[in-house]
Amino acid sequence: MKLTGAEILIECLKKEGVETIFGYPGGVVLNIYDVLYDSDIRHILVRHEQAAVHAADGFARATGKVGVALVTSGPGATNTITGLATAYMDSIPIVVISGQVPTGLIGNDAFQEADIVGITRPCTKHNFLVKDVADLARIMKEAFYIAASGRPGPVLVDLPKDVVVSSTKFSYPESVSLRGYNPNYEGHPGQIKKAVAAIMEAKKPLIYAGGGVILSNASAELTALAKKLDIPVTMTLMGLGGFPGSDPLSLGMLGMHGTYCANMAVTECDLLIAVGARFDDRVTGKVDEFAPGARIIHVDIDPTSISKNVKVDIPIVGDVKRVLAKWLELIDKENISGRDEEIKPWLDEIAGWRAHHTLSYEKTEEIKPQYVVEMLREVTGGDCIISTEVGQNQMWAAQFFTLDKPRCWLTSGGLGTMGYGFPAAIGAQAAFPGKTVIDIAGDGSIQMNIQELATVVQYKLPVKIAILNNRYLGMVRQWQELFYGKRYSHTVMDYAPDFVKLAEAYGALGLRATKPEEVREVIEKGLAHDGPVIMDFQVAREEGVYPMVPAGVALSKMLLA
Amino acid sequence: MRHTITVTVENEFGVLSRVVGLFSGRGFNIDSLSVAETMDPTVSRMTIVTRGDDQIIEQITKQLNKLVNVIKVVDLTMGDYIGREMVLVKMNANEKTKAEILRLSEIFRGKIVDVSPSTYTIELTGDDGKIKAALELLQPLGIKEIVRTGRVAIQRGSVSA
Ligand SMILES: Cc1ncc(C[n+]2csc(CCOP(=O)(O)OP(=O)(O)O)c2C)c(N)n1
Numbered sequence: 001m002k003l004t005g006a007e008i009l010i011e012c013l014k015k016e017g018v019e020t021i022f023g024y025p026g027g028v029v030l031n032i033y034d035v036l037y038d039s040d041i042r043h044i045l046v047r048h049e050q051a052a053v054h055a056a057d058g059f060a061r062a063t064g065k066v067g068v069a070l071v072t073s074g075p076g077a078t079n080t081i082t083g084l085a086t087a088y089m090d091s092i093p094i095v096v097i098s099g100q101v102p103t104g105l106i107g108n109d110a111f112q113e114a115d116i117v118g119i120t121r122p123c124t125k126h127n128f129l130v131k132d133v134a135d136l137a138r139i140m141k142e143a144f145y146i147a148a149s150g151r152p153g154p155v156l157v158d159l160p161k162d163v164v165v166s167s168t169k170f171s172y173p174e175s176v177s178l179r180g181y182n183p184n185y186e187g188h189p190g191q192i193k194k195a196v197a198a199i200m201e202a203k204k205p206l207i208y209a210g211g212g213v214i215l216s217n218a219s220a221e222l223t224a225l226a227k228k229l230d231i232p233v234t235m236t237l238m239g240l241g242g243f244p245g246s247d248p249l250s251l252g253m254l255g256m257h258g259t260y261c262a263n264m265a266v267t268e269c270d271l272l273i274a275v276g277a278r279f280d281d282r283v284t285g286k287v288d289e290f291a292p293g294a295r296i297i298h299v300d301i302d303p304t305s306i307s308k309n310v311k312v313d314i315p316i317v318g319d320v321k322r323v324l325a326k327w328l329e330l331i332d333k334e335n336i337s338g339r340d341e342e343i344k345p346w347l348d349e350i351a352g353w354r355a356h357h358t359l360s361y362e363k364t365e366e367i368k369p370q371y372v373v374e375m376l377r378e379v380t381g382g383d384c385i386i387s388t389e390v391g392q393n394q395m396w397a398a399q400f401f402t403l404d405k406p407r408c409w410l411t412s413g414g415l416g417t418m419g420y421g422f423p424a425a426i427g428a429q430a431a432f433p434g435k436t437v438i439d440i441a442g443d444g445s446i447q448m449n450i451q452e453l454a455t456v457v458q459y460k461l462p463v464k465i466a467i468l469n470n471r472y473l474g475m476v477r478q479w480q481e482l483f484y485g486k487r488y489s490h491t492v493m494d495y496a497p498d499f500v501k502l503a504e505a506y507g508a509l510g511l512r513a514t515k516p517e518e519v520r521e522v523i524e525k526g527l528a529h530d531g532p533v534i535m536d537f538q539v540a541r542e543e544g545v546y547p548m549v550p551a552g553v554a555l556s557k558m559l560l561a
Numbered sequence: 562m563r564h565t566i567t568v569t570v571e572n573e574f575g576v577l578s579r580v581v582g583l584f585s586g587r588g589f590n591i592d593s594l595s596v597a598e599t600m601d602p603t604v605s606r607m608t609i610v611t612r613g614d615d616q617i618i619e620q621i622t623k624q625l626n627k628l629v630n631v632i633k634v635v636d637l638t639m640g641d642y643i644g645r646e647m648v649l650v651k652m653n654a655n656e657k658t659k660a661e662i663l664r665l666s667e668i669f670r671g672k673i674v675d676v677s678p679s680t681y682t683i684e685l686t687g688d689d690g691k692i693k694a695a696l697e698l699l700q701p702l703g704i705k706e707i708v709r710t711g712r713v714a715i716q717r718g719s720v721s722a
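Chains as they are written, first to last, in this note's numbering: chain A, 1 to 561; chain B, 562 to 722.
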């Protein structure tokens with residue numbers, strides 16, 4: 001029996017176990033939507049294609065599965081760019097299917113034509129233009145495989161209308177064979193041994209864990225390693241939740257807005273064990289003074305990440321989970337009696353830094369944004385999924401919402417995409433209908449995809465939005481305060497909507513707190529409500545995120561307040 | 562330092578722009594690039610001449626390897642290889658220079674491939690040094706136009722790239 005391209009596409013999605021997709025229809029994908037109408041696949045109609053991609057991305061981060069978005073050609077496809085670039089920078093496995101004008105019209109400036117394969121080449125892991133329906137099933141198989149394997153990432157499949165309409169016999173390939181693509185999962189055994197020897201020798205070891213720990217589901221192994229050898233752990237923004245934040249060995253986040261303790265530990269350690277982290281400039285500060293006295297072990301699935309920014313002594317190309325498991329195996333054979341005594345001076349030194357400068361803020365008459373985040377943590381007990389927008393809200397969430405589990409933290413790390421958090425929360429909520437999903441937002445960022453309120457109301461996705469409303473583009477204002485003599489050029493956001501009324505206009509619940517005493521009540525009410533909620537917290541306007549390492553400065557030279 | 566890198570790729574549309582885009586997107590330079598099908602029509606081979614310090618070259622080769630359509634990357638500069646380039650040189654030719662142009666062309670084992678009343682076009686092949694020397698000597702006789710293929714290269718002996 002022959003199937004049309006549209007039918008084949010849906011069959012492929014089923015074969016991949018896809019149950020939910022996010023999308024927006026249009027002319028050239030009408031046939032696909034027509035088949036979708038009768039299928040069991042749940043389609044969530046967003047209000048902007050950017051949100052479809054972020055939702056697929058949030059779905060992927062929360063579940064570990066591949067997220068899927070479906071959009072039309074031209075403007076539909078170009079609206080996905082920010083979402084693709086966001087997923088690309090953070091190595092998130094998604095497949096975006098875009099419609100395309102019929103092959104005969106490609107290159108003719110046809111109505112709603114865009115060279116989306118060309119446009120997305122630099123911000124996808126790989127992309128395909130399907131020219132013949134006979135290739136469709138194979139390409140879909142490859143797309144999912146490429147998205148999820150090795151260093152994960154977004155893959156785009158561009159589907160011309162005539163391909164969708166024509167038909168062929170459907171058979172889904174069992175396996176994938178790509179001559180040029182063979183990710184290396186097992187680290188080199190010799191290097192693995194060398195690393196273990198270095199770990200056993202070190203007097204001041206420090207683990208620096210990144211998003212790779214979460215992507216490779218290596219939290220258990222990481223935790224076992226740290227605890228077995230009493231090695232303190234600092235995490236990147238992307239690594240949060242990869243090691244329990246409330247564990248005494250956790251130093252919290254490092255880098256530009258990292259803790260004093262973490263940044264001092266990086267500066268003073270004699271061995272830095274980097275796992276699934278890529279030495280982003282927001283993490284390293286001034287590279288020459290990053291971990292100046294340390295040997296560096298770097299485990300990463302992507303060889304291009306190794307020795308890109310920082311020279312590494314023991315590189316290991318491999319999957320973080322497998323390499324950590326091998327380390328644990330080897331360490332099991334080591335004699336670790338007496339280790340407590342050996343490591344104690346280092347842990348004492350760390351305890352000293354920790355006692356000196358903890359994350360804190362001054363309590364005043366006004367609502368402090370940090371307090372809102374702390375209260376969110378307290379009321380939920382940490383049992384929820386947090387997404388964030390970008391800016392101060394993101395950093396306060398990272399600092400004050402202690403995360404203990406992986407895949408509960410959705411934030412745009414690499415690209416820093418304002419407008420990411422809300423649609424990402426939609427993706428996570430669609431995956432876990434019963435879970436509490438909270439978007440910690442800024443008043444600026446939330447307005448970048450505010451139209452998705454319609455989506456959450458329509459699909460009864462009870463996402464909670466907590467706006468830390470400072471009526472500024474706060475993070476930019478903070479830089480202007482520190483580095484531009486308080487000249488707040490175009491960062492004042494006084495002309496915002498009344499968020500409570502806005503929520504109501506969309507059919508959601510709107511709540512507001514203007515005084516610290518009201519914060520807890522608003523949160524409790526918001527979380528108890530059986531539907532989407534905006535909580536508008538009118539916070540102290542000029543609060544800053546501290547500590548802060550100015551861009552390009554050594555980590556040890558933090559501004560503490 | 563200049564490096565000659567060969568890249569074996571799937572012979573699919575768009576692959577060249579993936580490779581070139583990688584260079585431009587990351588601010589790497591391409592001095593020359595040549596590409597054509599191999600004995601296997603599903604595979605093409607590119608020869609890329611680029612420059613950079615060790616760290617940049619390492620990134621270039623790793624990033625090339627990361628592309629899904631790239632089958633193999635070899636930095637020939639690390640071993641012994643033969644590099645050749647072809648140049649077509651159109652010379653202004655008059656009664657005074659014709660004999661000298663012919664003589665130089667012969668010395669460099671070039672071929673005159675086109676003649677008009679006022680021009681000679683020479684086809685020259687060779688390594689960098691030879692091409693450079695030939696062009697230097699031809700220059701004073703009046704070069705009208707040149708076109709170069711960019712380098713193609715292959716490893717010496719029984720090894721294959
Ligand atoms: C799409 C996009 N545009 C611009 C920026 C630059 N930017 C980074 S933080 C920030 C301010 C964010 O303001 P808001 O959402 O109100 O959050 P706050 O910092 O006040 O918590 C801006 C404009 C960005 N990261 N993303």
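Watch out, some of these pointers could steer you wrong.
Stated by the list, open to error - Pair ranges (Cβ atoms, derived):
1. B:581 with A:311: 25 to 33 Å
2. A:111 with B:586: 42 to 50 Å
3. A:330 with B:615: 29 to 37 Å
Stated by the list, open to error - To list a few chain B residues with every Cβ distance to chain A over 12 Å, as calculated:
4. 573
5. 575
6. 586
7. 626
8. 630
9. 638
10. 665
11. 673
12. 700
13. 704
14. 708
15. 717
None of these hints come from the bench; they were simulated from the model.
C-beta: ideal position from N, C-alpha, C; glycine also.
Hints the structure violates: just list their numbers, smallest first. 2, 4, 5, 6, 7 and 8
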